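Peer 1: For reference, the chains in residue letters:
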Amino acid sequence: MKIAVAIDGSQNALRAAKHAIALAQLYPEAQLDIIYVADYNKAKDERLLSQNEESLLLKRKQKADPVLNMARVAGVSAKMTLLKGNPSQEIINYVNAEAMDQLVLGSRGLNTFQEMVLGSVSHKVMKHVDCPVTVVK
Amino acid sequence: MHTLKQQWFGNVRADILAGIVVGLALIPEALAFAFIVGVDPRVALYASFAIAVITSFVGGRPGLISAATGAMALVLVNLMADHGLQYVLAATVLTGVIQFILGWLGVANLMRFIPNSVMLGFVNALGIMIFITQLPYLRGHDAMTFIFAIATLILVYAVPRFFTAIPAPLIAIVVMTGIALISGVTLQTIGDLGKMPNSLPTFFLPDIPFNLETLKIIFPYSLALSIVGLLESLLTSQVLDDMTDTESDKNREARGQGIANFFTGFFGGMAGCALIGQSMINIKSGGRGRLSTFTAGAFLMFLIIVLGDVVVKIPMPVLAGVMIMVAATTFNWSSFKFLKQAPKTESVVMLITVAIILYTHNLAIGVVVGVILSSLFFVANISRVTVTQDSNIYKIKGPLFFASTTKFIQSFRDVKEKDIIIDFEDSQLWDESSVGAIIKVKQKLEEEGATVTIRGLNSSSEQLYGKLL
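Chains as they are written, first to last, in my numbering: chain A, 61 to 197; chain B, 238 to 706.
FYI, nobody ran anything at the bench for these hints, they're computed from the structure.
Computed from a predicted structure; not experimentally measured.
Note that the Cβ used here is the ideal one computed from N, Cα and C, for glycine as well.
Be careful, since some hints might not be right.
Facing chain A, according to a computed beta carbon distance under 7 Å, are these residues of chain B, among others [unchecked claim]:
1. Asn353
2. Met356
3. Leu357
4. Val476
5. Asp479
6. Met480
7. Thr483
8. Ile513
9. Lys644
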């Protein structure tokens with residue numbers, strides 16, 4: 061059972077991660093893949109806010125740390141995958157290429173207007189991945 | 238690192254498509270940068286063409302887009318106003334020479350010494366200055382000017398939500414210029430302010446007296462241009478390294494920037510460097526190799542020669558609208574959060590860098606002062622040495638070097654014990670003055686009739702101590 065959860069460091073993503081861990085606990089062989097996508101659109105700002113590439117890498121890894129800890133406590137084997145590009149596109153490509161059995165996403169809880177302006181990651185991902193998707197509110 | 242053939246032809250289809258997109262995205266800004274300096278659009282367009290094409294061959298970071306830029310334009314403003322175009326071209330050639338030498342000396346290795354607070358100050362001041370340069374095209378004109386600028390701004394931000402294949406600024410310009418032509422409103426246009434080129438650039442020597450007097454005029458500008466150009470180019474290289482998970486030869490990039498500026502000056506173009514925005518567009522559009530940069534430059538020139546007669550009809554408020562978006566994108570809006578979260582000294586360095594740039598109108602001065610200031614803060618920060626006393630044992634904590642020895646010596650002013658141990662377990666001796674300070678303290682205490690034992694020196698401190706004693 062390969063379970064993937066996409067995180068972005070937000071509270072919504074953390075809720076999704078909790079759900080994914082609970083799900084993984086039901087399967088003794090479950091592998092949890094914590095996906096973080098470094099958004100191309102934020103590449104410049106993220107670089108400017110970090111002293112060098114090492115501290116940038118550390119900041120990105122730290123996004124997954126709380127989830128990795130929760131997984132360890134729950135006895136779920138988990139790893140972090142760092143991707144770069146357009147978040148929804150990268151999640152879709154990776155989940156399909158790795159033949160995941162289940163994808164868990166957090167919903168940003170945008171209203172109609174925000175969704176129009178920002179675009180919904182979960183909506184786009186749901187449409188294009190091959191496996192079942194759970195969106196956690 | 239890939240082979241040269243791979244860097245050119247490893248990604249042909251995507252490189253050509255991305256290059257076309259970038260070529261389109263380069264035009265509005267090149268025009269606006271020409272007006273910032275006060276030269277004909279030709280000078281910036283020839284520069285963008287020449288710099289992009291030359292760096293595609295000699296640059297160190299495949300996929301990096303270099304052309305005429307706002308940062309370089311801002312440095313050139315005064316030179317153009319005081320001495321004219323020929324001096325701008327000569328300064329561009331000299332900038333190339335300086336950058337090449339700096340690259341040859343390994344200047345890129347110094348990038349690690351530039352703290353991100355200075356880089357943040359740099360981009361924020363740049364954003365503010367680009368914004369300010371656009372105000373003359375809006376203020377003091379009629380209401381229609383404002384309407385066109387605001388409509389352009391709305392289009393630039395709204396279009397990417399629905400359509401991303403063609404850069405939004407270009408769509409906005411085409412739509413708004415169309416509306417202006419059809420409705421017949423009278424607005425200031427690019428044609429009112431300058432002539433468009435209708436031929437490829439040609440090689441000529443800048444028409445200046447070749448003497449020391451000329452060098453005195455252009456050298457300060459060339460030095461500033463070199464610093465600003467390398468800073469922005471190397472920063473952009475780092476961003477692209479991160480985006481593509483590949484490494485690049487930064488010193489080769491520095492030399493490449495030099496070669497490009499050197500020849501661009503002779504082809505009638507103004508100095509340029511890497512553009513962060515266009516380079517990111519290139520990567521996002523799938524561009525990875527040298528062919529993408531080459532295509533961007535070549536396509537830009539092709540478009541200008543074919544479409545020059547149309548380009549002159551673009552209204553200035555439309556171009557200003559696009560540039561306000563560019564200014565807003567250049568500015569790092571997370572800086573406000575940075576000011577709240579970062580250590581005080583870093584916030585101070587960032588704000589002072591911005592303030593100096595806005596005051597002097599010179600990005601290079603701001604960066605140099607920012608780096609010096611942050612180095613001083615760093616030394617002050619690291620030179621904290623504490624001495625804690627536990628009966629007759631004095632424990633030293635913190636590095637001992639020229640900046641921290643005074644504090645160290647002062648700590649032994651009123652010592653009453655007679656059998657003293659100074660423990661250096663949590664310290665490190667760095668230089669002559671640290672050894673000197675220990676000897677001074679030891680001597681003083683022994684004169685007062687105490688015995689002094691030094692202990693806990695780590696091996697490198699021990700070595701220094703033994704060597705200098």
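Peer 1: Now tell me if each hint is right for this structure.
Peer 2: Checked hints:
1. Given the 7 Å rule on beta carbons, the hint for B:Asn353 holds: about 5 Å separates it from the nearest Cβ of chain A.
2. Using the Cβ-Cβ criterion of 7 Å, the hint placing B:Met356 at the interface with chain A is satisfied: the shortest such distance is roughly 6 Å.
3. At a threshold of 7 Å, the smallest CB-CB gap from B:Leu357 to chain A is about 6 Å, leaving the interface hint in force.
4. Below 7 Å, beta-carbon pairs count as interface contacts, and B:Val476 has one with chain A at about 5 Å; its hint therefore holds.
5. Annotation: B:Asp479 was flagged as interfacial toward chain A, and the flag holds, the nearest CB pair being 6 Å apart, inside 7 Å.
6. Interface hint status for B:Met480: upheld, as the beta-carbon distance to the closest one in chain A is roughly 5 Å, under 7 Å.
7. Given hint, B:Thr483 at the interface with chain A, is violated; its Cβ is 11 Å from that chain's nearest Cβ, farther than 7 Å.
8. With a cut of 7 Å, the hint placing B:Ile513 at the interface with chain A holds, because the nearest CB-to-CB distance is about 6 Å.
9. For B:Lys644, the shortest C-beta to C-beta distance to chain A is roughly 27 Å, which exceeds 7 Å, and the interface hint is violated.
Checked against the numbered hints given earlier, this structure breaks hints 7, 9; the rest are met.
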